[in-house]
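Asker: Listed here are the chains, written in short residue letters.
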Amino acid sequence: MSLSVKHLLGIKELNQQDIQTVFRTADNFKQVLQRPIKKVPTLRDTTIANIFFENSTRTRISFELAEKRLSADVINFSASGSSVSKGETLIDTVNNILAMKVDMVVMRHSASGAPWFLSRHIDASIINAGDGTNEHPTQALLDAYSMREKLGNLKGKRVAIIGDIMHSRVALSNIFCLQKLGAEVMVAGPPTLIPKHIESLGVKPEYDVKKALAWCDVANVLRIQLERQHKPLFSTLREYALYYGINSDMLRSLEKEIVIMHPGPINRGVEINSDVADSGQSIILDQVQNGVAIRMAVIYLLSGKPTELGE
Amino acid sequence: MKTLLDYDQLNITIQRLAHQITESHYSFADIAIIGLQPRGVRFANRITQLVESISGQHVPHGALDITFYRDDVHTGDILVPSETDISFSVSDRTVILVDDVLHTGRTVRAAMDALLDFGRPQNVELMVLIDRHYSRELPIQPDYVGRTVDTIITQKVVVHWAEKDGKDEVILID
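These protein sequence lines map, in sequence, to chains A and B. My numbering puts the first residue of the first sequence at 1, with every later residue one more than the last. My numbering puts the first residue of the second sequence at 312, with every later residue one more than the last.
It is worth saying that the hints were derived from the structure and are not from the lab. Incorrect hints may have been included.
Selected chain B positions facing chain A (Cβ under 10 Å, derived; list incomplete) [what the hints assert, rightly or not]: (1) Gly373; (2) Arg381; (3) Gly387; (4) Leu390; (5) Phe399; (6) Asp403; (7) Asp424; (8) Asp428; (9) Trp472.
Just so it is clear, the structure is predicted and the values come from calculations on it, not from any experiment. Idealized CB from N, CA, C, for every residue including glycine.
Chain A with its partners taken away, still in its complex shape (with noise of 0.2 Å):
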């Protein structure tokens, strides 16, 4: 059966057989992609408007090629050059775009909550492709989806999210969708990048790197997103890289080969060394391969009509 939500708003809504439902769907995706032919002509009928109100490359451009390998018709909009900065409001924005007979919503918003929100006032299918420091759903899936390629069923697995928990959208979703799949999670880095309470959400904080390395079985650092940091929280990035960011020597010293992730982009030097992110170790590229895979099968999906009959 198809998902339990009309909308991927959050991972938070989803349930475990929702997850599990997208890697199948991904894994049949991921089989299309290494044909001669890459393409499906499953959404041949279907529009879809990439709506995006923050900059973006890898999940843009992961966003329309799946579409397009979908065979859906594309519309790109960005706020910079649109009416946005004519004063448009994001429903009246949005109306007009599915006024055109747009049947999905890709959207990236630097509100957490807009697509929650534009949720509630338009009929259109809604796929969040982040929303400000809350959201990052299909970056969690394609994330878990690559563990669990790279590890096997996720249950009792150790993941450690390193680095700038506060402001990352990946973060939260990623706790959720592991939590989900029965993996356990523990966020690291300097105190004052690791949200307050952060356990009533299950998860250990840990404030020394070398430690959090040593208990996981996967690494899945991220970046430090200077540009939602309105105050200085750590000094200089050259003392974040030295206390703070993971290069061979840590890697070495473990009893056991760890697995690194990271979302991109990545500051080479900052959180992840080049000598890491370059290594065997590290599965960066796949997960970017496996991300147009996962939005297929989210697409594809939720781009059913509401039905009344079936087999």
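On the provided structure of chain A, position chain B as indicated by the hints.
Answerer: This is chain B only, laid out in the frame that chain A set:
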């Protein structure tokens, strides 16, 4: 509910179909048997085993899922696909598509589209266990037929396999 083929009849029919394929192809160097997911795959496996034992040759076989090629993606339920497994090149081969029941012909139409995305077969043939007569919505006819039955649209033909359902039989449900 009515039994269309019981255990003995079903197995005789499968034997006959396997012999028919062997007779019309003789050499299996450029042949492949592909079962359509979900219910054509078991039938295809049975046929492949028999053809291999009759001909003494290896016959490449696989499974094809047509979910992404359906023409009713947005009128029916969104289906979670089954596995596609084609581990050989279909180009320049004769591909025998195998399904349990041929009804409207729409699944076979989708299967041909899906197959062509894997390459350009020399020929495509169609084998079905049950051909539901008079219910075709597309101009598609099978090359090998187990049994032709007259049915009305509200009836349903179900093929049971011992591996999954406990016994081999074909039934008609009103």
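Asker: Each of the hints needs a verdict: does it hold here or not?
Answerer: So, going through the hints one by one against the coordinates:
1. Gly373: 12 Å, violated
2. Arg381: Hint holds; arginine 381 of chain B Cβ to chain A Cβ min 8 Å, cut 10 Å.
3. Gly387: It holds, given that the least Cβ distance between glycine 387 of chain B and chain A is near 5 Å, below 10 Å.
4. Leu390: With a closest approach of 8 Å, the leucine 390 of chain B hint holds.
5. Phe399: 13 Å, violated
6. Asp403: 14 Å, violated
7. Asp424: 7 Å, holds
8. Asp428: With a closest approach of 4 Å, the aspartate 428 of chain B hint holds.
9. Trp472: Since chain A brings no Cβ nearer than about 18 Å to tryptophan 472 of chain B, farther than 10 Å, the hint is violated.
In summary, the numbered hints that this structure violates are 1, 5, 6, 9.
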